[in-house]
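Peer 1: Chain by chain, the residues:
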Amino acid sequence: MPARTVLQSSDITRALTRISHEILESNRGGSDLVLLGIPTRGAVLAERIATLLDRIEPGAGTVGALDVTMYRDDLDRHPTRTPSPTRLPAGGIDGKTVVLVDDVLYSGRTIRAALDAIGDLGRPRAVRLAVLVDRGHRELPIRADFVGKNLPTAAVERIFVKLVETDGADAVTIEGDAEGESA
Amino acid sequence: MRHLLSTIGLERAQAIAILDLAEDMADVATRAVPKLPTLRGRTVANLFFEDSTRTRLSFEAAAKRLSADVITFSAKGSSVSKGESLKDTAQTIAAMGVDAVVLRHPASGAAQVLAESGWIDAAVVNAGDGTHQHPTQALLDAYTIRKTLHGAASRGRDLDGLRVTIVGDILHSRVARSNVWLLTALGAQVHLVGPRTLLPAGVESWPVTVGTDLDAAIDAHPDALMMLRVQQERMHAAFFPHEREYSTGWGLGDERFARLAADTMVMHPGPMNRGLEISASAADSPRSVVLDQVTNGVSIRMAVLYLVLSGADPREVAA
Chain U
1 MPARTVLQSS DITRALTRIS HEILESNRGG SDLVLLGIPT RGAVLAERIA TLLDRIEPGA
61 GTVGALDVTM YRDDLDRHPT RTPSPTRLPA GGIDGKTVVL VDDVLYSGRT IRAALDAIGD
121 LGRPRAVRLA VLVDRGHREL PIRADFVGKN LPTAAVERIF VKLVETDGAD AVTIEGDAEG
181 ESA
Chain Z
1 MRHLLSTIGL ERAQAIAILD LAEDMADVAT RAVPKLPTLR GRTVANLFFE DSTRTRLSFE
61 AAAKRLSADV ITFSAKGSSV SKGESLKDTA QTIAAMGVDA VVLRHPASGA AQVLAESGWI
121 DAAVVNAGDG THQHPTQALL DAYTIRKTLH GAASRGRDLD GLRVTIVGDI LHSRVARSNV
181 WLLTALGAQV HLVGPRTLLP AGVESWPVTV GTDLDAAIDA HPDALMMLRV QQERMHAAFF
241 PHEREYSTGW GLGDERFARL AADTMVMHPG PMNRGLEISA SAADSPRSVV LDQVTNGVSI
301 RMAVLYLVLS GADPREVAA
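So the sequences go chain by chain: U and Z.
Using full-length UniProt numbering, read the first sequence as starting at 1 and increasing by one per residue.
Using full-length UniProt numbering, read the second sequence as starting at 1 and increasing by one per residue.
Source of the hints: derived by calculation from the structure; they are not laboratory data.
Predicted model only: the values in this text are computed from it and were never measured.
A virtual CB, placed ideally from N, CA and C, is assigned to each residue, including glycine.
Some hints could be false.
Unchecked claim - Using C-beta positions, here's what the derived DEER-type ranges look like:
id, chain 1, residue 1, chain 2, residue 2, range
1, U, H21, Z, G151, 36 to 46 Å
2, Z, H150, U, S9, 31 to 41 Å
3, Z, T53, U, G119, 29 to 39 Å
4, Z, G109, U, P141, 45 to 55 Å
5, Z, G41, U, D167, 51 to 61 Å
6, Z, T92, U, G119, 33 to 43 Å
7, U, D167, Z, G161, 54 to 64 Å
8, Z, D254, U, D167, 51 to 61 Å
9, U, G136, Z, D121, 33 to 43 Å
10, Z, V33, U, F160, 27 to 37 Å
11, U, H137, Z, K64, 27 to 37 Å
12, Z, G151, U, T51, 45 to 55 Å
13, Z, Q91, U, A126, 49 to 59 Å
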């Protein structure tokens, strides 16, 4: 089954702009805000949101990256994970509002691992979750606070997020879905 | 990576990937909670058929920082002194449900035998076998050289063009053998220096240059000078007439240390025979990275335990 594009570049930019406004609104401004992107594409999205936040409210928020590979509970099943460096902003995360950023929210296990990792790094005032795509099929009681697009999918379908920084182009595509079925 | 038995055959990309992963592990040590849950529920057995303090403690610290359970076995005071073989000991340990075995053994090739014998199903990490290999020592040495030279910008780099001089008892040294293959794979030029009686037969076929004159080697201004321990326990024949003669010819005494270029780092795998192969002032100087080597050893062993227990190819991990 050919891949179908569900978000184009302009849709992604619009979604991230909306998420940026929502983050500022829920945080009542940009102070004490830390964006932590989950590598690889979540880290790229966190950088983009940080740029947008800075445009809306100069100086709002700081950005870092949070690797969760070593916190996953599926070492047996998916042995080949790609650890990336964890980078925290200079001020750390203690007492801050941390917004975790990822590209796709699926089972929730990555976010569970991220929450464990955050617990080892400090004690934020609150942790929020921003994702570009929420495709459902949660295996843990986790939900996103900021969602670019809700995309109800079948478990057999696959979602691909491509970003200019990592893949040369912006697009969200879905593969393996029944033809004509609405997303 | 199923096992880590030797640095021979380790490709440059794999080696860099292991060093990079160790950088991530080193970052963990600086956190408020220097521990990862990665290997929770896994059991690592340290099988030490030969005396060792720092390597055993280093592997133990590494396994515990990754939340693995650790069983430590020392031959002294064990059934080995009652005549139990490696096979029986290994099978006993395996029957207790072990996922990885860290093996130190006086016989060259013991780690490979354990890995390929079918006696156990666990991953095997060679922590030193006879005069053969000590791969994690070589990895921590390469890591230390890279980190000392490049600091925060070391990630992803090789050792292209660097000159490392290894001095002393090359004949009995698994540290030298492991380093020769790893450092040259990473692009470094390795020069070996020692008394002719302590240079192994066939050294001409190694990818290194060889000499017997330490003063000339020091004047050549290497980036790193690695002093080897005089392994008195392996000196079953008269390889040199007297310790004083060894020290005069191949020891890093105060005079030689004073001539050493200011940016040459001094390395030693430990434990040091102070006054024999290295003087106290050289060992304790700011140019000595001996304690960095110990610290970095834990990060390297965390990376290696993660790789063998997850079965990941280090190149894919680095991708």
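Peer 1: Does the Cβ-Cβ separation between H137/U and K64/Z fall within 27 to 37 Å?
Peer 2: holds (36 Å)
Peer 1: Is 31 to 41 Å a correct range for the gap between the Cβ atoms of H150/Z and S9/U?
Peer 2: At 38 Å between Cβs, range holds.
Peer 1: When you take the CB atoms of Q91/Z and A126/U, is the distance between them in 49 to 59 Å?
Peer 2: holds (53 Å)
Peer 1: Determine whether the Cβ-Cβ distance between G109/Z and P141/U falls within the hinted range of 45 to 55 Å.
Peer 2: holds (53 Å)
Peer 1: For T92/Z and G119/U, compare the CB-CB distance with the range 33 to 43 Å and indicate the outcome.
Peer 2: holds (38 Å)
Peer 1: I want to verify a distance hint. Is the separation of the beta carbons of G41/Z and D167/U within 51 to 61 Å?
Peer 2: Check failed, 36 Å falls outside 51 to 61 Å.
Peer 1: Quick one: are D254/Z and D167/U within 51 to 61 Å, going by C-beta?
Peer 2: Roughly 59 Å apart at Cβ, these two residues keep to the hinted range, so it holds.
Peer 1: Evaluate the given range 27 to 37 Å for the C-beta pair formed by V33/Z and F160/U.
Peer 2: holds (35 Å)
Peer 1: Given the hint of 54 to 64 Å, check if D167/U and G161/Z actually sit that far apart at their C-beta atoms.
Peer 2: violated (34 Å)
Peer 1: Indicate whether the distance between the beta carbons of T53/Z and G119/U respects the range 29 to 39 Å.
Peer 2: holds (34 Å)
Peer 1: If I claimed the Cβ atoms of G151/Z and T51/U lie 45 to 55 Å apart, would that claim hold in this structure?
Peer 2: violated (29 Å)
Peer 1: Would you say the C-beta atoms of H21/U and G151/Z sit inside 36 to 46 Å of each other?
Peer 2: This hint holds: roughly 40 Å between Cβ atoms.
Hints 5, 7 and 12 from the list above are not met by this structure, while the remaining hints are.
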